[in-house]
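Novice: One-letter residues, chain by chain:
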Amino acid sequence: MVKKGTWVLIRRTILEPSERAPQVPDDTKKVPLQMWIKGYLEKDAEIGEEVEVITRTGRKERGTLQEAEPYYKHDFGKFVSELQVINEQVREVLFGGDE
Amino acid sequence: MALANDYNSVMARRGEIMKKSVGIDYTKFESGSIAFDYERMMRETGYSLEEIQKIQQDVHVGNTPIIELKNITALARKCAKPGYGARIFIKDEACNPSGSFKARRAAVSIYHAKKLGFKGVVTATSGNYGAAVASQAAMAGLKCIVVQECYDSKGIGQPEIIEKARKCEALGAEVVQLSVGPELFYKFLLLLEETGYFNASLYTPFGIAGVETLGYEISMQFREKFARDPDVVVCTNAGGGNLTGTTRGLIKAGASTQVVAASVDLTGLHMASDTHFNRKSFTTGHTGFGMPFSIWPDRSDVPRSAARPMRYIDRYVTITQGSVFYMTEALASLEGLEKGPAGNTSLAAAFALAQELPEDQMIVVQETEYTGAGKHVQPQLTFAKSNGIEVFFGDPKDEVPGKNIVLPSHPSLIKVKDQDLDQMRKSLIRTAVNTYKVTPTEEDIVFLAEETKSSEEFVKQALAEL
Numbered sequence: 000m001v002k003k004g005t006w007v008l009i010r011r012t013i014l015e016p017s018e019r020a021p022q023v024p025d026d027t028k029k030v031p032l033q034m035w036i037k038g039y040l041e042k043d044a045e046i047g048e049e050v051e052v053i054t055r056t057g058r059k060e061r062g063t064l065q066e067a068e069p070y071y072k073h074d075f076g077k078f079v080s081e082l083q084v085i086n087e088q089v090r091e092v093l094f095g096g097d098e
Numbered sequence: 000m001a002l003a004n005d006y007n008s009v010m011a012r013r014g015e016i017m018k019k020s021v022g023i024d025y026t027k028f029e030s031g032s033i034a035f036d037y038e039r040m041m042r043e044t045g046y047s048l049e050e051i052q053k054i055q056q057d058v059h060v061g062n063t064p065i066i067e068l069k070n071i072t073a074l075a076r077k078c079a080k081p082g083y084g085a086r087i088f089i090k091d092e093a094c095n096p097s098g099s100f101k102a103r104r105a106a107v108s109i110y111h112a113k114k115l116g117f118k119g120v121v122t123a124t125s126g127n128y129g130a131a132v133a134s135q136a137a138m139a140g141l142k143c144i145v146v147q148e149c150y151d152s153k154g155i156g157q158p159e160i161i162e163k164a165r166k167c168e169a170l171g172a173e174v175v176q177l178s179v180g181p182e183l184f185y186k187f188l189l190l191l192e193e194t195g196y197f198n199a200s201l202y203t204p205f206g207i208a209g210v211e212t213l214g215y216e217i218s219m220q221f222r223e224k225f226a227r228d229p230d231v232v233v234c235t236n237a238g239g240g241n242l243t244g245t246t247r248g249l250i251k252a253g254a255s256t257q258v259v260a261a262s263v264d265l266t267g268l269h270m271a272s273d274t275h276f277n278r279k280s281f282t283t284g285h286t287g288f289g290m291p292f293s294i295w296p297d298r299s300d301v302p303r304s305a306a307r308p309m310r311y312i313d314r315y316v317t318i319t320q321g322s323v324f325y326m327t328e329a330l331a332s333l334e335g336l337e338k339g340p341a342g343n344t345s346l347a348a349a350f351a352l353a354q355e356l357p358e359d360q361m362i363v364v365q366e367t368e369y370t371g372a373g374k375h376v377q378p379q380l381t382f383a384k385s386n387g388i389e390v391f392f393g394d395p396k397d398e399v400p401g402k403n404i405v406l407p408s409h410p411s412l413i414k415v416k417d418q419d420l421d422q423m424r425k426s427l428i429r430t431a432v433n434t435y436k437v438t439p440t441e442e443d444i445v446f447l448a449e450e451t452k453s454s455e456e457f458v459k460q461a462l463a464e465l
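One line per chain: the protein sequences are W and V, in this order.
Okay, so the first sequence: first residue is 0 according to numbering that gives the first Met the number 0, each after it adds one.
Okay, so the second sequence: first residue is 0 according to numbering that gives the first Met the number 0, each after it adds one.
No lab work stands behind these hints: they were computed from the structure.
Glycine included, every Cβ here is placed at the ideal spot set by N, Cα and C.
Be a bit skeptical, because a hint or two may be false.
To be verified - In silico BS3-like cross-links for lysine-lysine, where the CA-CA straight-line distance does not exceed 30 Å:
hint: 1; chain 1: V; residue 1: LYS153; chain 2: W; residue 2: LYS29
hint: 2; chain 1: V; residue 1: LYS186; chain 2: W; residue 2: LYS59
hint: 3; chain 1: W; residue 1: LYS3; chain 2: V; residue 2: LYS153
Claimed, not checked - The following label-pair restraints were derived from C-beta to C-beta distances:
hint: 4; chain 1: V; residue 1: THR438; chain 2: W; residue 2: ASN86; range: 57 to 63 Å
hint: 5; chain 1: V; residue 1: GLY140; chain 2: W; residue 2: GLN65; range: 26 to 32 Å
hint: 6; chain 1: W; residue 1: ASN86; chain 2: V; residue 2: ASP417; range: 26 to 32 Å
hint: 7; chain 1: W; residue 1: GLU18; chain 2: V; residue 2: ILE66; range: 45 to 51 Å
hint: 8; chain 1: W; residue 1: ASP74; chain 2: V; residue 2: ASP24; range: 31 to 37 Å
hint: 9; chain 1: V; residue 1: LYS384; chain 2: W; residue 2: LYS28; range: 24 to 30 Å
Chain W extracted, bound-state conformation (with noise of 0.2 Å):
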């Protein structure tokens, strides 16, 4: 159970593919438009049920409980090995060699 109150993320989807733009390509019509936002929920909520919250505007927008309190998880991402590659290689050009 989300309590009341508590900061979440919820989508919804705001037009199904038969509403999409005529402009839009192909693979795009297919799936719908959908939208992720942040707000306080308005009331005790099981994630997947259908929800209000009020965003920071102090707007009311509904949709989907996704998940409370969300975080960022986006990072460094994992180690490149052609990156220090490049690190040494730009010295090594520069400053290294018998010239």
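Given the coordinates of chain W, work out where chain V should sit on it, guided by the hints.
Specialist: Frame of chain W, contents of chain V only:
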């Protein structure tokens, strides 16, 4: 009675929503045909250079340092023929409050919104401009909504855009994230209508005038340091506002510097395609925006864009994703500077362009941006690999956007590809005629010559070829 909120009804109301949310009556500048009075629009709705300097100074924007990249220049000289390899400089726009030159645009938009009495601002951008608006709105005490195209239909987000969302939220903004598609504009209009906030568009006269100080500062800083203007300024080009504003500032300073547009080559990737969305490693500064916005600037979120890059471009070059990644790493390794992707696009181009010029010439990369989680080369290459993009060393000319990223096996392989400006000029003229469906008037011909930085003869010839 409540207004209908389906796609077509909302799009049909776009004109009135725009007028209310930007506070500009664009019809005043229209001729009724292709032409409109661009300079009058800039003069009557914008601010003077001096006013903008004052506005920006008050919010800690601008006056960023110029840094000479001595080791990168030395590396370029290792790759050039004897006597060649111009001195390479960067204007460190990452020093602006929000970490990019976009703070210049946002500062003026927010100032204007506040002056007009708006309680908040809405902006549609997946780029650094969102953070810039959020930052300036925070200083001004205005509410802020940023609308982003962020995820593909599976909910997988581009790491760079996710980082920008984080920054916007950190600066107090509400972030509305959408899946791929141009209908972002529909949600944007609904938000403007619902909130009555100001449209902090990237393409208003005040936004573009905000960038003029950048070009002006470059000229002044070079005159102070070297007693002359730089020979070449390279601008990363997407929507065209950076290049337009910078060049207008250079012109206001009386500089006759060559202006080169540089975009990452994403040929073959469709910008509105759900499946292509996460197959690119650059979210802006690429040909997917650079080409269409050059050829037809009025595709933006205002009736008449103040960003009209074809009026100012002397040369347009593209550079590969792998080459930009290489230069980003070289900048860290040789200069001790970690900077974000957009500025490094023009840096990679400048590295190649410097080799065409003698050693005593000076070339300026006119922006840098912040980097960090998501934006950095390492998460971008990790993301590319996880999306099945092959990453290997080789010749960048073998790079196929969306399929592979070719990291140059030697810095001497970093080359720019020149775009055919005359073809682009003809495309602009053709698009203008097709859009307005009129026989061009004498006024239109003069206008199109200005729009394409060509001549009336060129326009007449192009029209005859249609």
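Novice: Now look at each hint and say whether the structure bears it out.
Specialist: How the hints compare with the structure:
no.: 1; hint: LYS153/V <-> LYS29/W; verdict: 12 Å, holds
no.: 2; hint: LYS186/V <-> LYS59/W; verdict: 14 Å, holds
no.: 3; hint: LYS3/W <-> LYS153/V; verdict: 28 Å, holds
no.: 4; hint: THR438/V <-> ASN86/W: 57 to 63 Å; verdict: 59 Å, holds
no.: 5; hint: GLY140/V <-> GLN65/W: 26 to 32 Å; verdict: 31 Å, holds
no.: 6; hint: ASN86/W <-> ASP417/V: 26 to 32 Å; verdict: 30 Å, holds
no.: 7; hint: GLU18/W <-> ILE66/V: 45 to 51 Å; verdict: 50 Å, holds
no.: 8; hint: ASP74/W <-> ASP24/V: 31 to 37 Å; verdict: 47 Å, violated
no.: 9; hint: LYS384/V <-> LYS28/W: 24 to 30 Å; verdict: 29 Å, holds
The structure is inconsistent with hint 8 alone, although it conforms to all the rest.
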